Every structure is written in C-alpha cells, then in structure tokens.
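Colleague: Heads up: the protein sequence lines correspond to chains A and B, in order. Note that the numbering used here gives residue 204 to position 125 of the first sequence, counting from 1, and the numbers run on in steps of one. Note that the numbering used here gives residue 114 to position 68 of the second sequence, counting from 1, and the numbers run on in steps of one.
It is worth saying that the hints were derived from the structure and are not from the lab. Small disclaimer: the values here were computed from a predicted structure and weren't measured. It cannot be assumed that every hint is accurate.
Stated by the list, open to error - Computed beta-carbon distance windows for the label pairs:
1) A/Q328 x B/A180: 44 to 52 angstroms
2) A/I440 x B/R67: 53 to 61 angstroms
3) B/S114 x A/V95: 51 to 59 angstroms
4) B/Q175 x A/N334: 38 to 46 angstroms
5) B/R168 x A/R284: 24 to 32 angstroms
6) B/R67 x A/G122: 53 to 61 angstroms
7) A/L432 x B/P109: 30 to 38 angstroms
8) A/P102 x B/A180: 22 to 30 angstroms
9) B/D221 x A/P102: 41 to 49 angstroms
10) A/Y395 x B/R123: 46 to 54 angstroms
11) A/I440 x B/L183: 53 to 61 angstroms
We put the CB at the ideal spot given by N, CA and C, even for glycine.
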Amino acid sequence: MRNYFRGFGAVFYKEVLHVRRDPATLFFSLVIPLLQMVVLGFGIDTNIRQVNTVVYNADGRRESRELIDRLKNSDTFHIKRYVQNDGDLNDAIIAGKARVGIKIPVDYSDRLLHNMSAQVLVLIDGSDSSVAGQAINVTTAIGLDESLRRVLQDRSTFAVDMRPKLLFNPDSRSPNFLLPGLTAILLLNVTTFLTAFSIVREKERGTLEQLFVTPVRPMGLLLGKLLPYLAIGFSELCLILSFMRFVFQVPIHGNVFLLAFLSLPYLFVSLSIGILVSSKANTQSEAIQLAFLTFLPSIFFSGYIFPRETMPTFFYVISYFIPASYFINITRGIILRVAGITHLWTDGLALFLIGSVLLIIAARRFQNKVIMA
Amino acid sequence: MATSAPTLANAAISAQNMVRRFGHFTAVNDVSFRVEKGEIFGFLGPNGSGKTTVIKMLTGLLPLSGGSAYVEGLDVRTDSEAVRERIGYMSQNFSLYYDLTVEENLKFYGRIYSLEPARLKRRMDEIVQLNGLAPYLNRLASQLSGGWKQRLALGCAMLHEPTLLFLDEPTAGIDPVARRQLWDLLFELSGHGITFFVTTHYMDEAERCSHVAYIYYGRLIADGTPNSLRELPDVQPPGTLRVEIITPEVTRALRFARHLPGIRGATIFGQSIHALIEDRFNLDDLRQQLLKNGITVTEIRPLTPSLEDVFVELTYKHQALLEGARA
Numbered sequence: 080m081r082n083y084f085r086g087f088g089a090v091f092y093k094e095v096l097h098v099r100r101d102p103a104t105l106f107f108s109l110v111i112p113l114l115q116m117v118v119l120g121f122g123i124d125t126n127i128r129q130v131n132t133v134v135y136n137a138d139g140r141r142e143s144r145e146l147i148d149r150l151k152n153s154d155t156f157h158i159k160r161y162v163q164n165d166g167d168l169n170d171a172i173i174a175g176k177a178r179v180g181i182k183i184p185v186d187y188s189d190r191l192l193h194n195m196s197a198q199v200l201v202l203i204d205g206s207d208s209s210v211a212g213q214a215i216n217v218t219t220a221i222g223l224d225e226s227l228r229r230v231l232q233d234r235s236t237f238a239v240d241m242r243p244k245l246l247f248n249p250d251s252r253s254p255n256f257l258l259p260g261l262t263a264i265l266l267l268n269v270t271t272f273l274t275a276f277s278i279v280r281e282k283e284r285g286t287l288e289q290l291f292v293t294p295v296r297p298m299g300l301l302l303g304k305l306l307p308y309l310a311i312g313f314s315e316l317c318l319i320l321s322f323m324r325f326v327f328q329v330p331i332h333g334n335v336f337l338l339a340f341l342s343l344p345y346l347f348v349s350l351s352i353g354i355l356v357s358s359k360a361n362t363q364s365e366a367i368q369l370a371f372l373t374f375l376p377s378i379f380f381s382g383y384i385f386p387r388e389t390m391p392t393f394f395y396v397i398s399y400f401i402p403a404s405y406f407i408n409i410t411r412g413i414i415l416r417v418a419g420i421t422h423l424w425t426d427g428l429a430l431f432l433i434g435s436v437l438l439i440i441a442a443r444r445f446q447n448k449v450i451m452a
Numbered sequence: 047m048a049t050s051a052p053t054l055a056n057a058a059i060s061a062q063n064m065v066r067r068f069g070h071f072t073a074v075n076d077v078s079f080r081v082e083k084g085e086i087f088g089f090l091g092p093n094g095s096g097k098t099t100v101i102k103m104l105t106g107l108l109p110l111s112g113g114s115a116y117v118e119g120l121d122v123r124t125d126s127e128a129v130r131e132r133i134g135y136m137s138q139n140f141s142l143y144y145d146l147t148v149e150e151n152l153k154f155y156g157r158i159y160s161l162e163p164a165r166l167k168r169r170m171d172e173i174v175q176l177n178g179l180a181p182y183l184n185r186l187a188s189q190l191s192g193g194w195k196q197r198l199a200l201g202c203a204m205l206h207e208p209t210l211l212f213l214d215e216p217t218a219g220i221d222p223v224a225r226r227q228l229w230d231l232l233f234e235l236s237g238h239g240i241t242f243f244v245t246t247h248y249m250d251e252a253e254r255c256s257h258v259a260y261i262y263y264g265r266l267i268a269d270g271t272p273n274s275l276r277e278l279p280d281v282q283p284p285g286t287l288r289v290e291i292i293t294p295e296v297t298r299a300l301r302f303a304r305h306l307p308g309i310r311g312a313t314i315f316g317q318s319i320h321a322l323i324e325d326r327f328n329l330d331d332l333r334q335q336l337l338k339n340g341i342t343v344t345e346i347r348p349l350t351p352s353l354e355d356v357f358v359e360l361t362y363k364h365q366a367l368l369e370g371a372r373a
C-alpha cells in the first residue's frame with residue numbers, strides 16, 4: 080500500500096529545527112501581532128464622541144442657549160468656537176476645524192414663543208460618513224425631543240416610550256467589539272506568512288527540488304510543514320486572548336475552550352492559504368505581495384470593520400467565501416454573546432470545508448506547478 | 047519488474063526515443079541511450095540544451111511526452127516512487143539546509159528515506175568516514191566552504207545506498223583541489239559498483255568518464271566512450287589530420303593559417319595552434335609555408351582530438367544542419 084504521508088515525520092523534525100535555530104523569527108511572529116493589538120486596541124474608538132462643532136447663534140436669547148446646552152449634553156458635540164456670521168461658519172467646516180456647524184436664526188426664540196415652527200440649520204461635513212451619520216441622528220433626536228416637550232407642554236409622559244437595551248456589550252466599548260475580530264485578522268496574518276515563507280525559502284534554496292527526487296509524498300511534505308506552524312498559530316491565539324482579556328479587560332463571556340477548539344479549523348484554513356501562496360510565489364517578496372492580496376478582503380469583507388449585512392449583494396456573497404467571516408462570528412459569538420456549539424457548529428464546519436478544499440487545490444497545484452515545473 | 051525486456055536488467059539506465067514537449071517547444075527530441083551498471087556516464091551539452099529535462103524525466107519528476115525510460119530496470123512512467131528509492135540526486139546548488147548542522151542535514155535525509163535507526167547510524171558513520179566530515183559534524187552547513195558543502199550534499203544523496211547517483215554539475219564553482227578530490231571519490235565509489243550520471247561543462251572531467259553523451263538542442267548527437275567519439279567521421283573526416291603547431295607567435299600564425307588552402311579549421315591553445323588539415327599536406331610543407339611568411343615554428347606534430355575538439359566540431363556541424371533546415 081502506498082503511504083500518502085511518507086516523509087511527514089522527517090519534514091516535521093526538520094521544521095522544528097528551523098524554528099528552534101531561529102528564535103528571533105519566532106519571537107517577532109508572536110510579539111508583533113500583540114503590538115498591533117495594542118496600537119489598534121488603544122487607538123481606535125468607533126464610538127463617535129466630542130465632534131468639533133462651531134455655533135453661530137444669531138438669536139442669543141434663553142431658548143437658543145437652552146438648545147445649545149442640550150447639544151452639549153449629548154456628549155456627541157464639542158463646541159469649539161462661536162462665530163458671528165455665515166461665512167465664518169462655512170469656513171470652519173471647509174478648513175476642517177469643525178465637522179458640524181449649527182446656525183440658530185435671529186427669530187428662533189420669537190417663533191417658538193408665538194407657537195410657530197422655528198428652523199435650525201445644521202451643516203455637517205459628509206467626508207466622514209460615520210461622523211455625519213451620528214451627527215444627523217443626534218441633532219434630529221434633539222430636535223424631535225425639543226418639539227415634543229413644547230407640544231405636550233405639561234403632560235410629562237410620552238404616548239409611546241421606546242426603551243432600547245443593548246445586549247452583550249452594554250457599554251458599547253470599542254475594544255469589546257474590535258478585538259475579537261482583530262484576533263481573526265492577526266492569526267491569519269501570522270500563520271499564512273509563516274507557512275508561505277517556510278516553503279518559498281526552500282524554493283529559493285533549491286532544497287524543495289531535492290525533496291521531490293526523494294520518496295517524500297506531497298501530502299507528507301505539506302502536513303509536515305503545516306503542523307509546526309499550526310502549533311505556533313495556536314500559541315499565538317492563546318497569547319492574543321490573554322492579552323485581550325487582561326490588558327484590554329474584554330470579558331470572555333462564553334466557553335474559552337470552545338473558542339480554542341473552533342480556532343483549529345480556522346488555523347487550518349490560513350495555513351492552507353499559505354501553501355497556496357507558496358505554490359504560486361517563487362521568491363519571498365512575491366509571497367508577501369500575494370499574502371497581502373488575501374488580507375485586504377479579510378479585513379473589509381469579513382464584517383471586521385463594516386457589517387456584512389450592509390454590503391451590496393455581490394460583496395455579501397463574496398463574504399461567504401472569506402474564512403475570516405466565519406471566525407469573526409465565532410470569536411464575537413463566544414466572547415460577547417455566550418454562543419455555544421449549537422450556535423456555531425455551522426461556522427466551524429464551513430471553515431473545515433474551506434480548508435480542505437484549499438489544501439486539495441494547493442496540493443494539486445504543488446504537484447503540477449512546482450514539482451513538474 | 048521488466049520481464050518484457052530482459053536486457054534492461056543489467057542496464058542502470060535505458061532510454062528509448064524519449065520525448066518531452068512543453069507546448070509547441072520540444073525540449074528533448076527522440077533521445078535514446080543506455081548506461082551500464084558501474085559506469086561513470088558524462089552527460090554534456092550547452093546550457094538550455096535539455097540536460098536537466100532528461101534528468102527530471104529519469105528521476106520521475108517530469109512525465110515523458112513519448113518514448114520510454116527504465117532506471118535500474120524500473121519503468122519511470124509507472125514506478126517513479128520505486129525509482130526514487132534507488133537513486134540519489136545532487137544538484138549544482140548543493141541543496142542543503144544552511145541553518146541545520148552537518149549532522150542534522152544527514153539525519154534529515156536519512157529519515158526522509160525511512161532508514162531505521164540502526165542502519166541510519168551505520169550509514170552516517172560510513173558517510174562521515176568516506177567524506178571526511180567528522181570534524182564538522184556540529185557545524186552549520188552555511189559555515190562550510192564550497193568543497194565541504196559539496197561533500198555533505200553528496201553524503202546526503204547517498205545515505206540510502208542508492209545504486210545510481212545523478213550529479214548535476216557537481217563541481218560548478220568549487221576549487222580545483224576539491225574537484226580532484228571529488229573525482230577520486232567518484233572513482234572509488236564506482237569501483238564498488240555505483241553508477242554515476244554526471245553533467246558538467248569541464249572537458250577534463252568529461253575525459254575522466256567511461257562513457258559520454260552530448261545533447262544539443264534536445265537531440266543526442268554523440269554517445270560512446272571518449273575514444274570512440276574522437277574517431278567519429280564528423281570529428282575526424284577521412285583524408286584529414288589533426289596537428290598541433292607550436293610557435294611563439296600564435297596570434298599571427300593563426301591569422302595566416304586560417305587563410306591557407308587545405309586548412310579546415312584552427313584554434314589557439316596556449317602556446318600552440320590546433321588545426322585540422324587535409325592529409326595531402328606534408329607537415330614539412332606546412333612548416334615551410336609558415337617560415338616563408340616569417341612565422342617561427344618550434345614544432346608541428348600530429349594530435350589526437352580532445353573531447354573539446356569533438357564537441358566543438360559536432361556543435362558546428364549540427365548548427366549548420368539546423369540553420370540549413372530553417373532556411
């Protein structure tokens with residue numbers, strides 16, 4: 080019987096030696112993702128707060144000052160400056176000194192006192208859509224609230240009282256939302272690079288050609304290379320999770336062992352991507368470029384930054400082919416939503432299937448493009 | 047086993063009408079040759095002429111587009127895995143792992159060939175002894191000089207006791223002493239019955255082979271012992287004589303000799319000229335003609351063609367044929 084995994088033990092032994100001989104690479108591949116996590120974790124806050132705002136209060140009486148106070152108290156706006164004419168209001172936004180400009184007209188108080196409709200002009204810089212969206216929502220809400228109070232006068236309760244309650248991330252903390260997703264991106268990054276490099280290096284040195292003249296079987300070679308890096312990827316996951324939990328204080332509400340278990344098919348996928356990259360790239364710099372080609376879709380179409388549901392149909396369909404989509408659902412599910420295996424087994428299965436298909440394609444390509452080249 | 051072709055049993059390599067095409071390009075065109083066990087077979091040819099493609103086909107890396115090839119009696123088309131058990135391969139860039147020590151490199155290749163521990167240990171001892179690697183066992187492969195890298199690479203390639211070794215330009219870029227030592231080692235191993243398939247660009251190495259073949263643009267244009275090739279009609283046409291003209295004024299002599307009727311070709315070798323002349327020429331007449339033109343001649347003597355002469359003649363001839371075919 081043919082042993083399809085022939086050479087596995089030998090290759091595994093050799094890869095472990097490579098890693099041990101070069102502790103610097105190991106160190107950097109483990110530590111750099113943590114540094115990235117620190118930078119992104121502390122630096123990015125997706126909650127829109129304290130938006131720079133300029134105000135042109137042409138009215139200046141009590142009612143107009145009350146409105147301004149209400150805007151201030153929303154925490155969304157930070158009033159940087161008061162201006163005295165339309166030109167200055169416009170310029171402040173064009174120059175980027177403020178994102179929002181609010182003009183209260185001369186007759187604001189008069190119209191309110193005469194029970195007429197008063198207009199407030201809100202200029203919003205649309206060049207950052209998330210800021211603009213938040214500014215529109217908050218100003219509209221304040222306007223509505225203000226109107227209702229005046230219409231209802233003394234009646235103290237609203238007819239319909241909506242009480243939204245935020246589940247799973249009640250404080251809307253950015254790290255809680257971002258870091259579980261970032262875990263998926265960082266893991267992909269490390270493992271894909273390590274595998275791709277370990278194979279492309281052998282191409283460059285000519286040792287791969289030598290191996291093909293020995294009785295090693297492609298599967299034995301590939302798995303022998305995969306497993307050591309799977310172990311490194313797994314340690315990386317543990318490091319990242321500890322960092323997330325203890326440095327960024329992101330509580331892990333679900334079962335951490337389930338998370339570790341479901342990370343295995345994801346690591347398998349990213350290692351297979353690494354092999355696929357190395358079947359195409361002949362030099363390490365080519366490998367870097369190809370690997371980046373896989374990272375960008377993983378960042379943008381996986382739901383890590385933009386919700387998948389809001390994507391145009393075409394990209395939404397694409398997001399199903401992006402492994403990070405499934406793993407981000409797994410990490411956020413377990414860490415934030417206390418999801419269990421019953422909720423997540425389909426994601427795990429999808430990853431396992433994607434990984435198997437990729438590995439088969441990679442092994443085939445290897446046979447045809449590398450061995451037979 | 048190759049029961050259908052009993053004569054294959056004693057051949058190390060038997061290639062019949064091997065063809066390899068890449069798209070419309072034919073890299074190896076109808077190549078047939080046979081290498082006996084224990085021979086040192088020199089496989090020569092210009093760069094890009096198909097040497098590596100032939101090696102890849104014989105080692106089972108590339109499927110044949112046509113023809114057949116048996117290595118150690120096994121059909122490379124169907125039995126490439128068994129073929130790889132019996133052969134060793136050393137490429138010109140000494141495929142070693144530079145961040146592994148000498149010992150680790152050997153161990154790795156031993157495991158690749160699934161040698162059991164006792165046999166691996168015995169073979170490592172033998173290889174280390176044979177190649178003189180003992181002082182370097184714990185040194186990283188990257189720290190070895192070219193000659194030692196080559197010895198280690200050879201050691202790795204023969205750890206599993208192959209009966210046939212492919213050496214692809216084994217002496218490219220190593221110093222003359224290491225080259226000489228390698229060839230001494232090859233002769234010793236050849237004495238133990240190991241067959242060598244060696245490619246090289248060095249003609250002095252070709253002269254040492256017991257059997258040489260020359261491939262030119264995918265076609266095998268010479269195949270035989272070095273001496274039989276020297277007597278080929280293309281190399282030594284009937285009615286011609288190869289002579290060495292020793293003279294202190296080689297450049298001037300060459301310019302003159304090339305225009306002399308009856309001289310078919312001439313080239314400089316150090317302090318002498320190698321010329322192919324028609325044998326109606328009397329050597330004394332030639333000397334007189336040169337002297338008349340003020341060229342001092344120390345000596346003119348008959349010369350057996352070197353392998354370099356052989357390959358240059360054959361190359362010119364086939365170049366002319368190829369150009370004729372294109373026109």
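Colleague: Flag every earlier hint the structure violates by its number, smallest first.
Modeller: As far as the earlier hints go, 1, 2, 3, 4, 9 and 11 are violated by this structure, in ascending order.
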